[in-house]
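Colleague: Given the structure of chain X, go ahead and fit chain C with the ligands onto it with the hints provided.
Spelled out, the chains give:
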Amino acid sequence: MGKKLVLNFPSSLVDKPIISSLVREFNLDFNILKAYVTPEEEGNLVLELTGDEGKIGSAIRHLKGLGVKVELLSKEVEMIRERCTDCTACIPQCPVGALWMDKDSFQVKFSSEKCIACGICLKACPTRAMVLRI
Amino acid sequence: MKTIAEINEKIKTGKAVVVTAEELIELCREKGVKKTASQVDVVTTGTFGPMCSSGLFLNIGHSRPRIKLGGGRITLNGVPAYAGLAAVDLYIGATALPDDDPRNSLHPGNFTYGGGHVIEELVSGKDVKLEAIGYGTDCYPRKKLATWINLKDVNEAILFNPRNCYQNYNVAVNLSKKTIYTYMGILKPELGNANYCSAGQLSPLLKDPYLKTIGFGTRIFFGGGPGYVAWWGTQFNPSGKRKENGIPCGGAATLALIGDLKAMKPEFVRGASLVGYGVSLIVGIGIPIPILNEELCRQAAVPDGEIWAPVVDYSQDYPQSTGRVLGEVNYAQLKSGRIEILGKTVPTGSLSSYRKAREIASLLKSWILQKQFFLTQPIFFFPGPESGYTFKMLKEKPVKQDNKPN
Ligand code: SF4
Ligand code: SF4
Chain X
788 MGKKLVLNFP SSLVDKPIIS SLVREFNLDF NILKAYVTPE EEGNLVLELT GDEGKIGSAI
848 RHLKGLGVKV ELLSKEVEMI RERCTDCTAC IPQCPVGALW MDKDSFQVKF SSEKCIACGI
908 CLKACPTRAM VLRI
Chain C
78 MKTIAEINEK IKTGKAVVVT AEELIELCRE KGVKKTASQV DVVTTGTFGP MCSSGLFLNI
138 GHSRPRIKLG GGRITLNGVP AYAGLAAVDL YIGATALPDD DPRNSLHPGN FTYGGGHVIE
198 ELVSGKDVKL EAIGYGTDCY PRKKLATWIN LKDVNEAILF NPRNCYQNYN VAVNLSKKTI
258 YTYMGILKPE LGNANYCSAG QLSPLLKDPY LKTIGFGTRI FFGGGPGYVA WWGTQFNPSG
318 KRKENGIPCG GAATLALIGD LKAMKPEFVR GASLVGYGVS LIVGIGIPIP ILNEELCRQA
378 AVPDGEIWAP VVDYSQDYPQ STGRVLGEVN YAQLKSGRIE ILGKTVPTGS LSSYRKAREI
438 ASLLKSWILQ KQFFLTQPIF FFPGPESGYT FKMLKEKPVK QDNKPN
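Note that the protein sequences, when read in sequence, are chains X and C.
If you number the first sequence the way the numbering used here does, the last residue is 921 and the count never jumps.
If you number the second sequence the way the numbering used here does, the last residue is 483 and the count never jumps.
One or more hints might be untrue.
[Claimed, not checked] With the C-beta cut set under 8 Å, the calculated list includes, among others, these residues of chain C facing chain X:
#1 Ile-263
#2 Pro-266
#3 Asn-272
Rather than coming from a laboratory, the hints here were simulated on the basis of the structure.
We put the CB at the ideal spot given by N, CA and C, even for glycine.
Only chain X is shown next, with the shape it has when bound in the complex (with noise of 0.2 Å):
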């Protein structure tokens, strides 16, 4: 089972290597869903776990430990069909490439598992096709 989280690292830990160390001692896969320094100079992270439940739980205590701000993805963001005009005017904001255009038959296509739930198509979209569901 995969879980997706919002890592937070104070700028301190920015340039530790946390993430290699969580593969090792914890024999999770990970899958980097998106990486930025805020102007804070914090990293934030993205990523998807894979593996064993309870070594996910005992990697997310870990990176707590450390000093990690961790929060588990459970919004989910969700494509109403009906009201999108396939417009594409969310495509070039997403910053996961999770919306695109069939070029074939000028459709938008949203993929939930790319979508790493930032928010931004939903105010990108002028007829609100894209919402949040928590």
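Modeller: For chain C with the ligands alone, kept in the frame of chain X given last:
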């Protein structure tokens, strides 16, 4: 050479050849312009994007006892409507906002609901709450009215949009260091994205760039029903710069359009919320272009790759009206999802839906083929580039202390 009357005769007898602008481009590539022009009678076009200069006239019918809304105050679902007309006529504009909407006081405002959404709800058949106050007269004694109204019950519902269907439009970018929120959508800093708003090769006025067949009285597809060209649109500018193929490389022509909202469909009349900017109405429009001669065919067959739009910075140049253009790109480049600006690769997004534009062009085509829609000979044509008609900026005359015009 053909006439509109001849084409209508062919439509009646089921002999008319009708193609969408996309299909025309293919035909001209295969067979050449000359042959295609002799075979094709009508080309259908389409566009579907936010058009702020839109609004609805309603006559709600008289109440018992009567109330005079003119000179009073009216809201529809909390959105103020214009009450400067006769007793029970009103106008609700697409960009109107409820008095209590926070607007941009917490920037960027969300603009969740406004006039455009009221129009969408009406066309969807939903009840809308009308609240009004009048001042009371001998003949119209009532002073307060609160009632649900429905599109099917009102007398007239006339969508009248003073400026729709822009011939071409800017591509908006942001050169500044912070995100900006515009009518062209969210623009990320330092050329983070480029937004455009035209169907390009399917867009009606790009297909008849000199408006040789479109004029006062032209029957069109308007919001899913039939509509008409009611005048040239506001900010009409036939004198702008054009490419060799005759196609303007900027704003240029616009149309004022009129139609019966009762005949329209919610799929083609949608409210829009532009974060940090306001509310608008997305309107679906399609115009049939009669192929009366080879020249019209050649122009209607111009593909995306030969239609150019100016790239404009919306952080400084647009708000300050400097007139600076960063470069030109064509619609084929825009639709590829990436363009090059100032040496940088920039992802593109559109406010106008090409998928819907296609749907409109093919719907209009099927209306004509099914003999439900005939072409009109315009009553008169609009000013062309030779007329000198142009678009002016406001010349401000400062209001002085004496409060007298100077
Ligand atoms: S919320 Fe929207 S913009 Fe953000 S990742 Fe998901 S699809 Fe992309
Ligand atoms: S911005 Fe909204 S309407 Fe446009 S393509 Fe994206 S989800 Fe669809």
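Colleague: For a quick check of understanding: which of the numbered hints are violated here, in increasing order?
Modeller: 2
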